[in-house]
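**Q** Okay, here's what each chain looks like letter by letter:
Protein chains: 2
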Amino acid sequence: MTKLSTQPYKGARDFYPEDKRLQNYIFSIWAKVCQSYGYEEYTAPVLEPIELYASKTSDEIVNEQTYSFSDRGGRTIVMRPEMTPSVSRMVAARRQELPYPLRWYSIPDCWRYERPQRGRNRQFWQLNADIFGVPTVDADLEMISMADAMMKAFGAKSDMYQIKVNSRKLINLIMTSYLELDDMQSKQMIRLFDKKDKLEPTDFVSQASAILNDEQKVAGLDKLKVLLKAKTLAELPEEITNTQAVKEIQILFSLLADHQIESVRFDITLMRGFDYYTDIVFEVFDLHHDNNRAVFGGGRYDGLVEKFGVEALPAVGFAIGDAPIENFLQSHLLDPLLRSTTDVYVVTVGDTLGQAQDVAKALRLAGVNVAVDITDKKPEKQVKTALKLGVQYLLFIGQEEVEQQKYILRNVESQQEDVLDIDGIVTKINNIAQ
Amino acid sequence: MTKLSTQPYKGARDFYPEDKRLQNYIFSIWAKVCQSYGYEEYTAPVLEPIELYASKTSDEIVNEQTYSFSDRGGRTIVMRPEMTPSVSRMVAARRQELPYPLRWYSIPDCWRYERPQRGRNRQFWQLNADIFGVPTVDADLEMISMADAMMKAFGAKSDMYQIKVNSRKLINLIMTSYLELDDMQSKQMIRLFDKKDKLEPTDFVSQASAILNDEQKVAGLDKLKVLLKAKTLAELPEEITNTQAVKEIQILFSLLADHQIESVRFDITLMRGFDYYTDIVFEVFDLHHDNNRAVFGGGRYDGLVEKFGVEALPAVGFAIGDAPIENFLQSHLLDPLLRSTTDVYVVTVGDTLGQAQDVAKALRLAGVNVAVDITDKKPEKQVKTALKLGVQYLLFIGQEEVEQQKYILRNVESQQEDVLDIDGIVTKINNIAQ
Numbered sequence: 000m001t002k003l004s005t006q007p008y009k010g011a012r013d014f015y016p017e018d019k020r021l022q023n024y025i026f027s028i029w030a031k032v033c034q035s036y037g038y039e040e041y042t043a044p045v046l047e048p049i050e051l052y053a054s055k056t057s058d059e060i061v062n063e064q065t066y067s068f069s070d071r072g073g074r075t076i077v078m079r080p081e082m083t084p085s086v087s088r089m090v091a092a093r094r095q096e097l098p099y100p101l102r103w104y105s106i107p108d109c110w111r112y113e114r115p116q117r118g119r120n121r122q123f124w125q126l127n128a129d130i131f132g133v134p135t136v137d138a139d140l141e142m143i144s145m146a147d148a149m150m151k152a153f154g155a156k157s158d159m160y161q162i163k164v165n166s167r168k169l170i171n172l173i174m175t176s177y178l179e180l181d182d183m184q185s186k187q188m189i190r191l192f193d194k195k196d197k198l199e200p201t202d203f204v205s206q207a208s209a210i211l212n213d214e215q216k217v218a219g220l221d222k223l224k225v226l227l228k229a230k231t232l233a234e235l236p237e238e239i240t241n242t243q244a245v246k247e248i249q250i251l252f253s254l255l256a257d258h259q260i261e262s263v264r265f266d267i268t269l270m271r272g273f274d275y276y277t278d279i280v281f282e283v284f285d286l287h288h289d290n291n292r293a294v295f296g297g298g299r300y301d302g303l304v305e306k307f308g309v310e311a312l313p314a315v316g317f318a319i320g321d322a323p324i325e326n327f328l329q330s331h332l333l334d335p336l337l338r339s340t341t342d343v344y345v346v347t348v349g350d351t352l353g354q355a356q357d358v359a360k361a362l363r364l365a366g367v368n369v370a371v372d373i374t375d376k377k378p379e380k381q382v383k384t385a386l387k388l389g390v391q392y393l394l395f396i397g398q399e400e401v402e403q404q405k406y407i408l409r410n411v412e413s414q415q416e417d418v419l420d421i422d423g424i425v426t427k428i429n430n431i432a433q
Numbered sequence: 000m001t002k003l004s005t006q007p008y009k010g011a012r013d014f015y016p017e018d019k020r021l022q023n024y025i026f027s028i029w030a031k032v033c034q035s036y037g038y039e040e041y042t043a044p045v046l047e048p049i050e051l052y053a054s055k056t057s058d059e060i061v062n063e064q065t066y067s068f069s070d071r072g073g074r075t076i077v078m079r080p081e082m083t084p085s086v087s088r089m090v091a092a093r094r095q096e097l098p099y100p101l102r103w104y105s106i107p108d109c110w111r112y113e114r115p116q117r118g119r120n121r122q123f124w125q126l127n128a129d130i131f132g133v134p135t136v137d138a139d140l141e142m143i144s145m146a147d148a149m150m151k152a153f154g155a156k157s158d159m160y161q162i163k164v165n166s167r168k169l170i171n172l173i174m175t176s177y178l179e180l181d182d183m184q185s186k187q188m189i190r191l192f193d194k195k196d197k198l199e200p201t202d203f204v205s206q207a208s209a210i211l212n213d214e215q216k217v218a219g220l221d222k223l224k225v226l227l228k229a230k231t232l233a234e235l236p237e238e239i240t241n242t243q244a245v246k247e248i249q250i251l252f253s254l255l256a257d258h259q260i261e262s263v264r265f266d267i268t269l270m271r272g273f274d275y276y277t278d279i280v281f282e283v284f285d286l287h288h289d290n291n292r293a294v295f296g297g298g299r300y301d302g303l304v305e306k307f308g309v310e311a312l313p314a315v316g317f318a319i320g321d322a323p324i325e326n327f328l329q330s331h332l333l334d335p336l337l338r339s340t341t342d343v344y345v346v347t348v349g350d351t352l353g354q355a356q357d358v359a360k361a362l363r364l365a366g367v368n369v370a371v372d373i374t375d376k377k378p379e380k381q382v383k384t385a386l387k388l389g390v391q392y393l394l395f396i397g398q399e400e401v402e403q404q405k406y407i408l409r410n411v412e413s414q415q416e417d418v419l420d421i422d423g424i425v426t427k428i429n430n431i432a433q
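Line order of the protein sequences matches chains V and U.
Quick note on numbering that gives the first Met the number 0: the first sequence kicks off at 0 and runs consecutively.
Quick note on numbering that gives the first Met the number 0: the second sequence kicks off at 0 and runs consecutively.
Watch out, some of these pointers could steer you wrong.
All copies of an identical chain are treated as equivalent in the list; a pair is satisfied when it fits inside any one copy or across any two copies.
Here are the simulated DSS-like cross-link-like pairs (lysine-lysine), alpha carbons at most 30 angstroms apart as the crow flies [as the list claims (entries may be wrong)]:
(1) Lys405 with Lys168
(2) Lys19 with Lys228
(3) Lys222 with Lys195
(4) Lys376 with Lys168
It is worth saying that the hints were derived from the structure and are not from the lab.
Owing to the predicted nature of the structure, the values given are computational and were not obtained by experimental measurement.
Can you build the whole structure from these sequences, using the hints too?
**A** Here it is, written out as structure tokens:
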């Protein structure tokens, strides 16, 4: 018999209870903030037909990073690399019946065939929050407010992160009207903007220069310089500031100020990867010197739902991955100490298992989570097991305790012991748990 | 542009919020009962190497029902058809460090390429609960008690279901010593026992007869008759009752009686599909006349962990699917009325959106889930949206309410209206929610 490997699939993680506790903590904050804004949970199958992604998600993801295969019926299917196409599909299927504004969230796992690295796994979980049916900046405002509330709910302070905001409409305008680029040049320039933070300034200039043709070059590089200097909307070149796109961002920033969202900044270089964004885009960026990177982002994608052959529907959304949030929490020492969900570990002393089970049953009825040691090992060994499990309370049940109907409850941290009946134990545990 | 399909992948479901509420209810009951018995959550990737299933899961599932494919690195991988091989792999990977008894649960999605039908989808969710490290019937007892507690937590009464119990050891003994069958005959007879409930008695006898050879036939059919008549352990033929296997089941039944598990019955025909079961097996069976079928089951599988090249480890577990539980709840009218997670829907009357946002913010801080209508539609239309969403309370905010700082809270069901300040709203909602 050949020995089987105990390794998980490459780039995907096993979550042992201590890992799952942190994941559950992250998921619970996500769900709590979404629900507090009136978002309701939905979900969709991890398998989708390949057509759903072609020409919507980025080409790189579809062609090089999807898990795609044929099922036994010959259909080509994909393990979803992201959730936005699926949610658009579900909304399109009930376009007429659904009520708007429609606020939905989901926490799906997604798959991309990439080289695994810090903060990037092949399997990852994502919170997806989306609002459908609102064409005005009130929807963008709500999404950015929620993104900010998310960070605060994890314990972050406003100076730990920045929310960069830009507009695809503005970018398109800059590329075509201000820089006077053709389609191909625009695409290249957008890609160059997108990786600007990773380039030396001289490399950026030489690569930008290579995109421009001879007639554009001198004026173009000057215009680029002016553009990239602009750290606020007011500093944008005059040809641009009078446009509708800029006016919309101005309204958004004024509303964000009303809502005391302090971390927002205009950033003309912010692009966001997906091709389906149509207007405002934003990104939460970690300001920690050891983790200077994007945490998550989102934006408006008004054109996606209509691809399913229904009336167009405005949409704004964002997606947060589990690994980037974990990195953020760890960088800022915000990851909480999480204990076992088991409140009490019952240690049997002598032949008391039957009675210990009765005590456990009574405690469970009162809402206490109880594990009973059923190994018949020596009490010291049972205690060791409980400590390894990370349970906060030990309950010793020997013959004398059974007779008295009072049991010894030990707090593992403080080492304090109390002799309590069942009601006493329940009161003690429930006071701590709340 | 070709129109994309809005259908989900065949045999997999989209969960709209009203569907997801029921799924979340089922998951929350599962988690609550598991945690109350001291089980901790873990999870593993949905993709696993194909070797994990070959010769462990049933041949039918591996050869005909798996979603298997090659990844871009040429590895043959499978979307898990069940969780037991994965949890065994994870335990084997840390065989030495983990504390025993180890109690774990998980709620993974699993995939099988089958013809979709009622109670059976290609994608399904399963609660998996397992205890490792306990060779005695105390572990089987705990699992069956938990299975019973699960049913009770969903509101089931003892007479709505039966828990059938049998032993693979006993079955093997019957096949080899009592019926004197060879390996091939045993396998055939076990398969026949497994489908006994779906066969007419005469068909069962003729098929059993076909398995026996001429010398075995007369005595064999008589022995089978005696065997199948036995509805309790006491009614088993004498040659069997004196064996170790039967004595163990007797102890288990006596412990189950001590624990007031009323729904258990011995059932000599119960087999359970998976090849890895080694001893006690059990199955919860729906007694409703319209849904007379297995809801879920489990058993002992002591041999699986050692296949990973580590020291053997006793294990008992069960798995419950989401669809069978949904069917059970629906058959017995136990599916609860589930409302939106949104507590309050804010209807703006006139130009009050800014102030409505401030009220919403204050309510959220106090733990109330609030959606604000940001569409600027007429109040009647906003009310319609809220009703479609299934939100319990409407909050009307017009100019007068803003000035008074008191707002009109309407209970959608009772149609009762109260004029309340923010504290009053919080008190009202929180009293209802608890």
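**Q** Failing hints, ascending?
**A** Numbers 1 and 2 - these are the hints that the structure violates, sorted from lowest upward.
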